[in-house]
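Asker: Chain S is fixed; fit chain P onto it per the hints.
Residue numbers (our numbering), protein chains in the order written: chain S, 1244 to 1549; chain P, 1244 to 1549.
No lab work stands behind these hints: they were computed from the structure. Honestly, I wouldn't trust all of these hints.
[Claimed, not checked] Below, computed lysine-lysine pairings styled on DSBU-like, alpha-carbon distance capped at 30 angstroms:
| id | chain 1 | residue 1 | chain 2 | residue 2 |
| --- | --- | --- | --- | --- |
| 1 | S | K1500 | P | K1358 |
| 2 | P | K1358 | S | K1358 |
| 3 | S | K1384 | P | K1456 |
| 4 | S | K1358 | P | K1533 |
| 5 | S | K1384 | P | K1500 |
| 6 | P | K1456 | S | K1456 |
If you want the building blocks of each chain, they are given just below.
2 protein chains.
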Amino acid sequence: MLSLSMPQDFQNHLSNIVSSIDAELDRLLTAQLSAGEIERPENLVAAMRHGVLNGGKRLRPFLVIEVGALFDASLQETLQTGCALECLHSYSLVHDDLPAMDDDDLRRGQPTVHKAFDEATAILAGDALLTFAFDILSSSKCHPSAEVRCELVSLMSRAAGQGGMIGGQVQDIEAETSTPSADQILSLQSMKTGALIRFACEAGAVVGNAPSKDRNRMVEFGKTIGLAFQLADDLLDVTSSSAEMGKRVGKDAEQGKGTLVSLYGVEKTRVLMNDNLSHAEALLQPFGSKADILRETARFVVERSN
Amino acid sequence: MLSLSMPQDFQNHLSNIVSSIDAELDRLLTAQLSAGEIERPENLVAAMRHGVLNGGKRLRPFLVIEVGALFDASLQETLQTGCALECLHSYSLVHDDLPAMDDDDLRRGQPTVHKAFDEATAILAGDALLTFAFDILSSSKCHPSAEVRCELVSLMSRAAGQGGMIGGQVQDIEAETSTPSADQILSLQSMKTGALIRFACEAGAVVGNAPSKDRNRMVEFGKTIGLAFQLADDLLDVTSSSAEMGKRVGKDAEQGKGTLVSLYGVEKTRVLMNDNLSHAEALLQPFGSKADILRETARFVVERSN
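Chain S extracted, bound-state conformation (with noise of 0.2 angstroms):
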């Protein structure tokens, strides 16, 4: 087995393993019908290829594979999934963009759908990046057994929900007007952006028919990394500039908004940051060399600049 424990190793696998991503996304995102489709509408498709094609991180996808490769489930099921949450990370952000929500005219360094496309577009394009989600999640190429394919589609409804990301993301509109208590920052940032991330991780070990106490260490890899992922997101938000982050930044701070930074400055922030990822770290002490990709993965969660 490659041992990657040199990070120059792990970017080049991050690197290909996101260009395999990136393919299939562009493969999946085009006119093509399906079924008892009209023709896809030319801009449409445009607008929901302009949300997913623009140089993501890859991150959650990413997720999915590597800890579907810990269980030794093909790459070509677990790109699948990996796609289908792309996809539906991707809807949120172009929602999440929108003039009657955060109003972003940027989004890695691009406009945003609604700038680029025109806000009836960007709300359909992203409806439509939700859907084909599931519709991609449905497919036999996703996993040979139905009720895998349930189950993921099951997992994936529920952490993207009113209970999990759209709950969250209501939790946190309804913070910008009342002063949160650091548990209650938690819990949204852990439904916001955690629910995705443990789904991926939860996604990775179903599709590799994982054991119940090895999927249930990756909920809890997951959930930690989450963690980790939204207190980098905060620290970054504060220290760097939009160039490097290709969005706007300081906008926490501008509208008012409770984070953990705000609550415990940056210092605090950063030990717990680096207490996550020591955890991480632990739950994957069980699966020694074979985890050096997810290890690798958890620190570039916490080191990245954008």
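Answerer: Then chain P, alone, in the frame of chain S:
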């Protein structure tokens, strides 16, 4: 078997089934938690309920249930698929009513979701309803066979997606600034409105494990009454009042929207609608009196006053 040749019997049956649908939607749309969820934010659940529990006709779930009954599917199962479909249909109305889309203040005589709440909440409530539809469909309450549930997820995502309802909606917006031909209007309406009605009929056959010949017949039945439904809608838009419809009328003409009524006139449209009704009745012929309710349903679709 209950003979339902009398319209009064049909009305009673319809209102009994609609009560069951409303009760199940009410039960599904509560703050009750699923595994891995945070508390569902109260305001979000309230907005979702406002978008769904509003006295809708429930035509789509009724079709799932009645086509299912033709193949002896259990009401318990078809009710779940029907409620999933109604959540999906309701999300599409919540998003269609948004200021960036149709900008409607009134729906079924009540303020639209973005009027009763706000725009961000309406976008998120729509997203949550769409997501929840797949949650409902993936549950074993929907059907004991995961193969069947996966097929329902796949069919619904295609009926609702870029090459289905959303694609039709995009074409509809594009048609506002062009002069579509009759074929183009038929095609876009067949997706915008028709796709979910076709899915309703196909889903009933799938849940009832119908042989493929009968299933295809039900798809054709759905296609036919879907078109009749749309023609009735376009006719109502020119002939009825806001009070009867519970929403703004005359807006097709106001928006310069090409409909078959504007191309063909009221009389020819009415003839076309009745031709479709006759075709729908012919499709039910092999099922004898067991299809009486579906026969009445087809008549109800064209004879309704709102």
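Asker: Next step is simple, just say for each hint if it's right about the structure.
Answerer: Going through the hints against the structure:
1. Of the pairs offered as hints, the one joining K1500 (chain S) and K1358 (chain P) holds, with about 25 angstroms between alpha carbons and a cut-off of 30 angstroms not exceeded.
2. Annotation: proposed proximity of K1358 (chain P) to K1358 (chain S) holds, straight-line Cα distance about 24 angstroms (limit 30 angstroms).
3. Taking the CA atoms of K1384 (chain S) and K1456 (chain P), the gap is about 27 angstroms. The hint holds against a cut of 30 angstroms.
4. Of the pairs offered as hints, the one joining K1358 (chain S) and K1533 (chain P) is violated, with about 54 angstroms between alpha carbons and a cut-off of 30 angstroms exceeded.
5. With a C-alpha separation of about 41 angstroms, the suggested pairing of K1384 (chain S) with K1500 (chain P) is violated against the 30 angstroms cut-off.
6. Between the alpha carbons of K1456 (chain P) and K1456 (chain S) the distance comes to roughly 46 angstroms, so the proposed pair goes past 30 angstroms and is violated.
Checked against the numbered hints above, the structure breaks hints 4, 5 and 6 and satisfies the rest.
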